[in-house]
Amino acid sequence: MTTVKDELDNKEPVDDHPTEGNLSTITHNGDHLQRRLGIRQIQLLAIGGTIGTALFINIGNGLKDGGPLSLLLGWSLYSGLLGLINNGITEMTVLHPVAGGFVRLAGKWVDDAFGFMAGWNFFFYEALGIPFEITAVNIVLSFWRDDIPTAAVCSACIVIYLILNVLTVKIYGEAEFWLSGGKVAMIVILYSFTFVTMVGGNPQHDAYGFRYWQVPGPMAEGISAGTFGRFQGFLSALWSASFGIVGPEFVSMAAAEAKHPRVYVKSAFKTIYWRFFLFFILGALCVGIVIPYDDPTLVAILSGDDANAGTAAASPYIIAMGNMGILILPHIINALLVTTVFSAGNTYMYCATAPAFLTKCTKQGVPVFCVLVTTCFAFLSFLQLNDGSAEALTILTSLITAGGLINYITMSVTYIFFHRACRAQGVDRRTFPYYGRFQPYCAWVGLFGECLILFFYGYSSFTPWDVSTFFSYYTIAIIAPVLFTMWKIVKRTKVVNPLEADLVWERPITDAFEAALSSRPVGFWTEMGRMVGFQRKTVHTGAE
1 MTTVKDELDN KEPVDDHPTE GNLSTITHNG DHLQRRLGIR QIQLLAIGGT
51 IGTALFINIG NGLKDGGPLS LLLGWSLYSG LLGLINNGIT EMTVLHPVAG
101 GFVRLAGKWV DDAFGFMAGW NFFFYEALGI PFEITAVNIV LSFWRDDIPT
151 AAVCSACIVI YLILNVLTVK IYGEAEFWLS GGKVAMIVIL YSFTFVTMVG
201 GNPQHDAYGF RYWQVPGPMA EGISAGTFGR FQGFLSALWS ASFGIVGPEF
251 VSMAAAEAKH PRVYVKSAFK TIYWRFFLFF ILGALCVGIV IPYDDPTLVA
301 ILSGDDANAG TAAASPYIIA MGNMGILILP HIINALLVTT VFSAGNTYMY
351 CATAPAFLTK CTKQGVPVFC VLVTTCFAFL SFLQLNDGSA EALTILTSLI
401 TAGGLINYIT MSVTYIFFHR ACRAQGVDRR TFPYYGRFQP YCAWVGLFGE
451 CLILFFYGYS SFTPWDVSTF FSYYTIAIIA PVLFTMWKIV KRTKVVNPLE
501 ADLVWERPIT DAFEAALSSR PVGFWTEMGR MVGFQRKTVH TGAE
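Going by the numbering used here, the sequence shown runs without a break in its numbering and finishes at 544.
You can trust all of the hints, since none of them are fake.
Calculated lysine to aspartate or glutamate pairs in the EDC-like style (CA-CA distance at most 16 Å, straight line):
#, residue 1, residue 2
1, Lys-494, Asp-112
2, Lys-491, Asp-112
3, Lys-488, Asp-112
I should point out that these hints are in silico values taken from the structure, not numbers from a laboratory.
Can you make the complete structure from the sequences, with help from the hints?
Now the structure itself:
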């Protein structure tokens with residue numbers, strides 16, 4: 001049997017000192033996508049997919065149902081769980097930055113049927129995110145006036161998304177860079193707002209501090225009362241975290257279009273850990289500080305009982321600003337929310353271009369047919385014309401949550417199989433560009449945690465039993481095994497034997513591409529400096 005080391009030793013040699021012109025004869029990757037995304041674009045694209053409606057609007061549901069302590073615990077726990085999964089997907093993707101990301105890895109190292117299921121699940125997950133964010137755009141715009149034509153907003157978003165995604169990947173990455181920059185600016189403003197107002201910098205000069213953790217209290221009760229009710233409230237906060245906290249999948253999908261993939265992709269994955277803390281954990285803490293979980297406006301709006309239900313006032317931050325009598329800042333935040341939500345939809349559009357039979361690319365490396373099919377899902381945003389934005393958002397949230405959980409289950413299972421293959425073939429994982437520590441234990445814990453959440457996050461549909469609610473929670477979870485079983489029967493696929501798993505795959509292609517680059521990899525701030533005309537005398541090396 002040919003080993004991994006044998007295949008790597010027998011690959012064609014490459015010129016150690018090529019020029020950029022050599023790239024015309026060297027494949028960027030096995031699927032003809034172009035590697036043109038720089039480190040700043042990769043980093044901000046990852047932020048663009050990470051920060052969206054959930055962090056600024058949907059997080060209010062977790063606060064209302066669980067209270068500030070439950071919200072902080074739930075979002076911290078889920079961030080830690082995803083951190084374990086990120087440890088494994090980083091090792092696999094940095095080694096094999098292939099088109100299709102973790103979906104391709106699943107089909108290569110687990111079972112082709114498993115990859116088929118993972119591919120369609122991720123496609124539905126991202127494609128359904130597009131109408132979700134377009135619906136959210138309407139919600140945010142209605143903060144200023146409620147007579148804005150919903151159909152016009154939907155149409156405008158669809159057209160702009162289509163234009164941005166049929167252009168070359170470099171133009172898309174540049175657009176996403178600036179849109180994501182607005183998200184970071186808004187987070188800084190909201191964190192500053194929280195700190196300044198809690199120490200007395202508000203129109204009432206009220207240093208309220210952690211008052212709302214004392215009255216009405218740190219934990220809200222769920223369906224039941226007492227300790228069990230507070231546990232139910234914690235579960236609600238955890239469910240909201242499973243919808244709002246994302247990250248690894250976006251970097252995995254963008255890896256095939258990154259310059260210097262071994263350096264830039266690894267850097268983007270490693271920053272996910274501090275993004276979990278800065279964006280999600282601190283975000284949950286701030287929301288619980290600025291507004292009580294039983295705030296009448298928050299409860300009424302999220303329950304759909306208020307005349308303003310389905311408006312951007314559903315953002316806990318904007319409600320808190322209104323309670324304090326702050327007049328101008330809510331409009332600034334709302335304007336940034338528009339760019340935030342739009343950017344998240346743009347990222348979903350980019351990442352949803354996955355079905356294999358539509359991956360034929362233009363000369364610019366754009367899978368245009370896949371983009372067109374994905375655009376069709378955006379038209380689901382017009383459903384809000386009949387059902388209303390709030391109801392449409394709730395249904396799409398439930399569907400998307402299940403899809404996200406299955407994505408992370410897929411990553412965990414794939415890593416377990418990958419780790420098993422490495423051990424069976426005697427491969428030293430410490431020689432990889434990124435070595436995930438404490439494996440495969442991290443993958444097993446991640447798999448167990450995600451499966452528990454998937455099985456139980458829709459338990460409220462059983463108390464009392466409600467058919468429509470049940471299917472909104474579990475439709476994707478039912479479709480996934482059906483797709484797996486169907487493909488396995490039709491194609492008669494087999495589980496990959498660890499001794500036969502191809503651990504070389506496209507590594508020689510990636511190695512040759514990186515060797516053919518005359519430009520050396522640079523750091524995020526170096527590239528930012530160059531963008532504004534500042535040239536550093538030294539640049540980062542791959543080892544950095």
